[in-house]
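**Student:** Could you build all of it, start to finish, from the sequences and the hints given here?
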Amino acid sequence: MAKHTLIAYVEDVPGVLNRVASLFRRRNFNIDSLTVGGTDKPGVSRLTVVVETTEAGARIVEANLYKLVNVLRVDDLTHKASLTRELGLVKVKVTPETRAQILQLVDVFRARVVDVDEKTITAEVTGTPEKIAKFELILRPYGIAEMVRTGAVSMARGHEPVSSAPPLVRTADSDHHHDTSGLSMSV
Amino acid sequence: MKKLTGAEIVWECLQREGVDVVFGYPGGAILPTYDAMTKYPKIHHVLVRHEQGATHMADGYARASGKVGVAIATSGPGATNMVTGIATAMMDSSPIVCITGQVGSKAIGTDAFQETDVTGVTLPITKHNYLVTKPGDIARAIREAFYIAKSGRPGPVLVDITKDAQQLTADFDWDAAEPKLPGYRPNHTAPASEYTKAAELINSAKRPLILAGQGIIKSGATAEVLALAKQANIPITTTLLGIGAIPASSDLNLGMMGMHGEAWVNQAIQQADLLIALGMRFDDRVTGNLKTYALNAKKIHVEIDPTEVNKNVPVDVALIGDLKEVLGELTPQVKKSDHADWWAAIAVNRGDSAVRDIKNLPDSGHLYAAHVINDIWRLTQKRDTIVVTDVGQHQMWEAQYFHHDKPRSLITSGGLGTMGFALPAAIGAKFACPEKDVWVVVGDGGFQMTSCELATAEQEGIKVNVAIINNAFLGMVRQWQEFFYDKRYAATPMTGPDFVKLAEAYRLTGLRCNQRPDVAETVKKTLADKKTVVIDFVVEKEDTVFPMVPAGADLDKMIRRPKQDVMLESGSDKEWEMPTSPLPNVFTEKKVEAKALNGRGKAAPARKAAKPAKSNRR
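If you read the sequences in order, they're chains A and B.
For the first sequence, the numbering used here gives the first residue as 25, with consecutive numbering after it.
For the second sequence, the numbering used here gives the first residue as 1378, with consecutive numbering after it.
Hint data in this document are derived by calculation from the structure and do not stem from the laboratory.
None of these values were measured; they are calculated from a predicted model.
Keep in mind that a hint or two might mislead.
Here are the computed lysine to aspartate or glutamate pairs in the EDC-like style, where the Cα-Cα straight-line distance is at most 20 Å [to be verified]:
| id | chain 1 | residue 1 | chain 2 | residue 2 |
| --- | --- | --- | --- | --- |
| 1 | B | K1908 | B | E1898 |
| 2 | B | K1511 | A | E148 |
| 3 | A | K115 | A | E148 |
| 4 | B | K1557 | A | E35 |
| 5 | B | K1668 | A | E79 |
Simulated coverage check for chain A against chain B, where a stretch passes if three residues somewhere in it have a Cβ under 8 Å from a Cβ of chain B [said to hold, decoys possible]:
| id | region |
| --- | --- |
| 6 | 75–87 |
| 7 | 92–101 |
| 8 | 135–149 |
What the simulated footprint calls covered on chain B by chain A, stretch by stretch (three residues with Cβ under 8 Å from a Cβ of chain A suffice, anywhere in the stretch; the number is not a length) [to be verified]:
| id | region |
| --- | --- |
| 9 | 1554–1566 |
| 10 | 1685–1699 |
Here a beta-carbon is modelled for each residue, glycine too, at the ideal position from N, C-alpha and C.
**Tutor:** Below, the structure is given as structure tokens:
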């Protein structure tokens, strides 16, 4: 069992998110995170789905996603060089004594303070899901008043957006488990 | 361009899709469509007695003809009554289109009278579904529904249309309503390298076996499968839904596999070194325990639906695509071979099974379902017959003792196991193939679930021959209780109406038969009658389907019928053998396990000391 990140392009029609979510429920897959939003193409939405499953399970998820009539394209980023980002808003309790420490930590995480009052500081942090988890962990001792995470969004590195014709059923040797581009650099 | 009401557009589209019959039941939200029906007399409407019947009829029509079946119902309860039929069609990949009325678009979400979120309810049991709220969208939805239903792996599609969309007018432009489905990819082609790998596996196999499923029937690939099998003399076994895909009379066809499959077939699967699975999906009823399933065999899977590959059984080579096309490519790469040793090994197991065949038992005064079904087969062999079965013991006996030579000659609810399926599905099949004889083989339990459709048969003046295998029990459940619940027959003894009088109440013919020698005469009388005939075959109450692989047990660890000579000597016909090795721990009953161990290597002791003979006569 491991986390698998799948990207699905779907037609932006009523009920499509329900169809996707229902598929995971019906097939008994546990969704770690599911985000959806628009793309550069009108009428096309893009989903990032993170599921905890086996390699074989990921193939079944992929094939099942493809089976949905409104799903245009599916790609698995799990073993590809990819960027994953998540946004978190953390509202942490402050006292006059802790305020400076917290502001310093916010700075260390390259987070941004977006709201301050006499009892709390709210910071916005973006980065990998791990980074946000770490940010939460560090602030927890001060007392977290409220917190929200968006769920992960992912994109492959390099100039090829996603494979143009992903295979319908991957077998061990049809899978491309290697970095697609050596030129792309981490920013 | 024609301005039509949404309701008229529905019928225009159905007519252009080549629909000649629809099965339905009117109601408030679908009333505009029913009102417009009178303008389209070319399409025959069959008024059912329950919407579940409409879906099963559409399903039976689709399975018998290969065309798309159509069912119509109103909103709310009309649509929810369809759910069982839609789920049945989904599990067995049957192409049907269901059209349902919905409350007015402004009332949606207000819990209006007879409102149900039908697209939500049917989401997991349809291949796709639509909610249409504008008359201009109806044509596209219906065209796409037909296209999706019949292409790729077929399945049910539902189109829910609001009442106002049926009433309002729109331009009807058939061509502009062409399906636009950018994400729908029903057809796949496997890369050439996979064909080479598959051919290499077949050419090097010593003990290959073809597992033939319903995909062969859907694809019309009987000839292609036989060509492959003949090329390398590969034995074939079929799934339940694959029956008829390969002629039963073919020497290559061993018979049915799985829970109630032939013992020698299940033994062959476990001994095979290569399984070539064609249009089948390794259902748990055919594999038994997956941990011990065909461990010695490499597996090739030819399947149109990518989600079925590696779902239950991991395979070595997957060829995703239409069976007919795939085999057309693959067979020329397969070398000639006779596999004589393999056939000889199968023959040994087959001989052991032959001496256990109940057909070899002389008339003991008891009427056994196996004899009834075999007699119906014997007497209808020269006729073009479709048999539609329900679900339960009779279904398995039909699969074992009626020998189907043609595709689409057995229609049965496989995946969902829907009781009540048989009679309505048979009515649908009769509409698809009016020139053929349609027989319904049904248990007394399942028949009572949808027997109201006898009225539909009577009103339509069609003839189906209903053979009720009446054992006054929910027989298959009783069998499980007998084996695994220490014979506690909780809620399985069942009375029914006087089925002869019931038939007569519907102005149909009713017959009763409870003696083995009378079966032939009854069947002949039935064939001669012009009306629908209901036959009450009063059979042995506590008869059992053999062999049986207990759920979750190893495929070749079957509960066997004892050899017939043993049965004759002991004077009891109620003995059976548990598997020769201990069963896996699937039973909670310690007693059953102990019995299994005692039974090692010899027949288990008779379970009943004395049973009054002919107790089943009523």
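**Student:** Evaluate each hint against the coordinates.
**Tutor:** Here's how the hints hold up against the structure:
| no. | hint | verdict |
| --- | --- | --- |
| 1 | K1908/B <-> E1898/B | 17 Å, holds |
| 2 | K1511/B <-> E148/A | 44 Å, violated |
| 3 | K115/A <-> E148/A | 9 Å, holds |
| 4 | K1557/B <-> E35/A | 11 Å, holds |
| 5 | K1668/B <-> E79/A | 19 Å, holds |
| 6 | 75–87 | holds (count 4) |
| 7 | 92–101 | holds (count 6) |
| 8 | 135–149 | violated (count 0) |
| 9 | 1554–1566 | holds (count 6) |
| 10 | 1685–1699 | holds (count 6) |
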